[in-house]
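K.L.:
Each chain, letter by letter, is given below.
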Amino acid sequence: GAGVSQSPRYKVAKRGQDVALRCDPISGHVSLFWYQQALGQGPEFLTYFQNEAQLDKSGLPSDRFFAERPEGSVSTLKIQRTQQEDSAVYLCALGTGGVETQYFGPGTRLLVL
Amino acid sequence: AQSVAQPEDQVNVAEGNPLTVKCTYSVSGNPYLFWYVQYPNRGLQFLLKYITGDNLVKGSYGFEAEFNKSQTSFHLKKPSALVSDSALYFCAVANFNKFYFGSGTKLNVKP
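Same order as they appear, the protein sequences are chains A and B. In terms of my numbering, the numbers along the first sequence are unbroken and rise by one, the last being 113. In terms of my numbering, the numbers along the second sequence are unbroken and rise by one, the last being 224.
Check the hints yourself; a few may be wrong.
[Said to hold, decoys possible] Residues from chain B shown here face chain A by an in silico Cβ test under 8 Å; the list is partial:
(1) Tyr138
(2) Tyr152
(3) Arg155
(4) Gly156
(5) Leu157
(6) Asn181
(7) Phe203
(8) Phe214
(9) Ser216
[As the list claims (entries may be wrong)] Below, in silico cross-link-like pairs of lysine-lysine (DSBU-like), each with a Cα-Cα straight-line distance of 35 Å or less:
(10) Lys78(A) with Lys219(B)
(11) Lys57(A) with Lys223(B)
(12) Lys78(A) with Lys57(A)
It should be emphasised that the hints constitute simulated quantities derived from the structure, not laboratory data. Note that the Cβ used here is the ideal one computed from N, Cα and C, for glycine as well.
Let the hints inform the model, and build the full structure from the sequences given.
P.N.:
Next up, the structure:
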């Protein structure tokens, strides 16, 4: 891919706990996307950044979900007061702007108990 | 509204035989169509895309896909399947930087 790492790779959280998932682009990319992939499903769009600006957050399922990319590089997806239905793989993807190929990181698998 | 349908949860094919993984789409405006493959415990890997031009698109690992506007389809094909092609395949349509993915098709290639 375009060179993107995600951490942690696996996270187990107790219900009600806050979690922070990190996406670290190795190379500079204008566009950064977050997706949620539930078990047995395709990825679903959460939010999109162009540089540091969050241009679309229409896919965030509730106000417990928050994403930021303060310097236009590393991005963090934060989930507050986690619920069992938040259990999924969270994917970060990079693009170069416009309608173009997105390159995906390995994902963070979140399990909320 | 944009949507993608992958009607088959699973496709089984013998090694050496041709394979087809089906995808149909619904978009407003021009479709930008993609195929990705996902191996266990790994992220999605780009295979190919259709933006405009020739309806037959060639991609990575010998895969190709045919864009059919009248049938609103974008089926993934390969002339001769390999066991190593066994994976989960996702079709996606792009609209204003959002990707809308299908639910995925598991491809099983038997030796």
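K.L.:
Which numbered hints does this structure break?
P.N.:
Of the numbered hints given earlier, those the structure breaks are 1, 2, 6, 11, listed in rising order.
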